[in-house]
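Protein chains in written order, with full-length UniProt numbering: chain A, 1 to 363; chain B, 1 to 505.
Among the hints, a few may not be true.
[To be verified] DEER-style ranges, computed between Cβ atoms:
id : chain 1 : residue 1 : chain 2 : residue 2 : range
1  : B       : 72        : A       : 66        : 54 to 62 Å
2  : A       : 346       : B       : 68        : 39 to 47 Å
3  : A       : 48        : B       : 24        : 50 to 58 Å
4  : B       : 32        : A       : 59        : 48 to 56 Å
Keep in mind that the hints were calculated from the coordinates and are not lab data. What you are looking at is a predicted structure, and each value in this text was computed from that prediction instead of being measured. The beta-carbon is built from N, C-alpha and C at its ideal position, and this holds for glycine as well.
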Amino acid sequence: MSQDVTKEAPALPAPAPPVERSRRLLTRGTALLRWLGALIAGLVVFGAFVLANGADPFAVYADIWTSTLTQPGQFQQIVLRAAPIALAGLAVVVPARAGLVNVGGEGQLIIGAVAAAGVALWLTPVASPWLVMLLMVVAAVVAGAAWAGIAAAMRLVVKVNEAVTTLLLNYVALYSMLFLILGPWKDPAALGQSTSVELHDAMKLPVFAGTAIHVGVVLAVVAAGAVWFALTRTTWGFRLSVVGGNAEAARRAGLPVVTLLLTALLIGGALAGLAGFIQLAGMEYKLRPTFGLTIGYVAFLASWLSRHKPLPLLVASLVLAAIAVSGNSLQIGSGLPAASVNILMGLVLLAVLGWTSPRKVRS
Amino acid sequence: MTTDAVARARGRVGKPAALLEVRSLSKRFGEVQANWDVDLTVLPGTVHGLIGENGAGKSTLLKMIYGVYTPDEGRMFVDGAPVSPGSPADARALGIGMVFQDLRLVPALTVAENIALALPDGPTLRLARLAARITEASEAYGLAVDPSAQVRHLSIGERQRAEILKVLMTGARLVILDEPTSVLAPQEVEALFGVVAQLRDRGLGVVLVTHKLGEVRAIADQVTVLRGGQVILNAEDPGNFSDAELVEAMVGRRVPPLAVERVAVPPRERAVLELRGATALGDRGHVALKGVDLDVHPGELVGVAGVAGSGQKELCEVALGLRPVTSGSVRVDDTGGGAVAVPEDPVADSVVPGLTVLEHMVLDGRAVPRRGLGIDWPAVGARTAVLDERVGLHMAPTKRTLSSLSGGNIQRVVLTRELGQDASLVVAAYPSRGLDVANTRRTQELLLQHRARGAGVLMVSEDLDELIAVADRIAVMHDGHLVGVVDTAGADRMSIGRLMLGGVA
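Okay, chain A solo, but in the shape it has when bound (with noise of 0.2 Å):
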């Protein structure tokens, strides 16, 4: 009987052999054409509103193309437009890894900004231009830092959502701002408009010559290098994919999680406020009420575009940028308002969003 019991099993059909490897390639393949393929329905979904307000879809993109992808000084534009983009986005990366949503880049920019700009404004008089420059550089990171704290200290304390804090607090740092430029900061010369006193000369950030390139887009490339570093060659940005991971797993492990957390958002703040200060010495040289607009936002998107990865955030801040910039081109071209290019921006983001998020496969 026992030798029934333990007769070898027939044979299976053959096991198909392991295709691991390039079944990876496939689906990265299928990624890819997924990316594509939203593009395009982004881009038919708008052309059918250019449409409808009369204008001839194909004559825009045509138009779109033409002006701000083979004209030299349309594509500095892109590059100028992206490097906060990509630093604010790289605000969102670091948290994310940690799994925290921060909605605050517009924020932690403003306050990073006005605290350079303060700087400038009382020791551009006393102290040489480059103690000004780096104490305004510190200044910046410092008060980013500072405005997400605030959320990682109620978060960590009263358990409140960083989410929901981080966005309040890009409305406290907008009116901080208005405030100063309505009032105490307003320069006198600016002839009934709020602003503030633009900066002198040797405050704002040298360019590459013979362009209008500065040195604040190194600087974000930079950034992004050493996120990328940070986060996937250093133990810390191993811990932080535990904490973002399975937080319980984190803390059985003896991580210290609260630190984690807390460093993870102060990072992030602080390299918003570096978007912040090159946004101001490296494009607007001044506070005003439109400053930095809506880039804390878009920097948002670009990093959910590029699944919280700092080298493809690179990217995805170059296509939004060059998204930005087409809308004055849509603009001359079509008579559209420059604004209807938000609407491609979003139908694309949609899309994008959509159809390449892994989806949770069901046991």
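Assemble the complex: chain A is given as a structure, and chain B must be docked to it using the hints.
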């Protein structure tokens, strides 16, 4: 009883059609052949034991019968007529009822309301009339259930009876019970088998899925063994096989018995774990651990028995310092090596889905080899290879992410990491969950090795036989209280069962 049953079964051969007949069923998921050429015949008036290890294909087979999966190949007959249930509703209409391991009742509703949910009874709820029908049916089948009781107030055993009643009232003639005993105390198992015997005597067919041979011997007329998705023994009389032969059929090879002799460890004065009046809150804010006094000495393995949710989880977490006590005290006497822990729910408490097996190896709370600012992964890899070799549970390749692993493979990763280290206190909750027979045996050996090296071991299990096999003493919990500590030598299952249910030994 068994010969009677065989006589009954033989008497039917060729006469009335089999209640359910499954021929050459096959099902493949990707590269996994979950079922291959499976036959199963269930005769009316019999209890059919379906046994096999985790992953043997039992669930796949049941889900095909119950209309959840569609077979790739093969045919099914009910009462001799070919059928192909495309959904559980189809299966129910054919008279096939399934009682899932995780019972599918809505806790906030009463028994009657839950049964009303399952009955297609028109637009109006007639609960009073339904309650009367329930009482009638529960008397007829010997299933004592109060129709007006809220399910959340019922014990697991009572819930199971309500679920079986629900299945019967929807007209089931074939009742499939999926591992029904895993959450029950021994007395409740006896009561359940009483019900099963009643169903059989009324001419229904019962499929009992289990991996406990004792249960097959107690109640099954026929047994079918699955291994690797294939039928190894087909509708045999269990009386013709020894336990060793049945295990061999399930596992595919002989499993040597666990060494009974234990090295006695010289007793030491101080306990490695000492709980005094330990009281703690559960996750829902209720008092889940109530004044527990317990010592675990070096070189001792203390088992913890109890119906699921009696405070075992909180006991483990309090012992490990993961959950604060609201009163009482916890003292751990660390003589080197600290504590290691196998959590009750590794997926919730120990697994980071997107990280690899290798990356999980450093999440043990100990020093990690560093290189520069980062972790020295090659060194971790080398260390892990040694660990895997020594522990012998054969983890999945270290590059695999945990989200791609099955429950049993995840358990092996956690066990390898935790039990592979020296420790003065080992807290293991359901360590053999999801493991096959051979790995379960190996895990028990590892726990006994820790004990032999002088560690104090606290082990929670749902399987009383497992506890009796490895523990020195068994602490029994009921409703957050430690209601008794029994010496394993000469322990009596029934008296442990009474303690589990809150009675006196």
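### Message
Assuming the hint says 50 to 58 Å, is it satisfied by the Cβ distance from residue 48 of chain A to residue 24 of chain B or not?
### Response
At roughly 54 Å between Cβ atoms, residue 24 of chain B and residue 48 of chain A fall inside 50 to 58 Å, so the hint holds.
### Query
Given a hinted range of 54 to 62 Å, is it respected by the beta-carbon distance of residue 72 of chain B and residue 66 of chain A?
Check passed, 56 Å falls within 54 to 62 Å.
### Task
Evaluate the given range 39 to 47 Å for the C-beta pair formed by residue 346 of chain A and residue 68 of chain B.
40 Å, holds
### Query
Is it true that residue 32 of chain B and residue 59 of chain A lie within 48 to 56 Å of each other by Cβ?
55 Å, holds
Violated hints for the displayed structure: none, as all numbered hints are satisfied.
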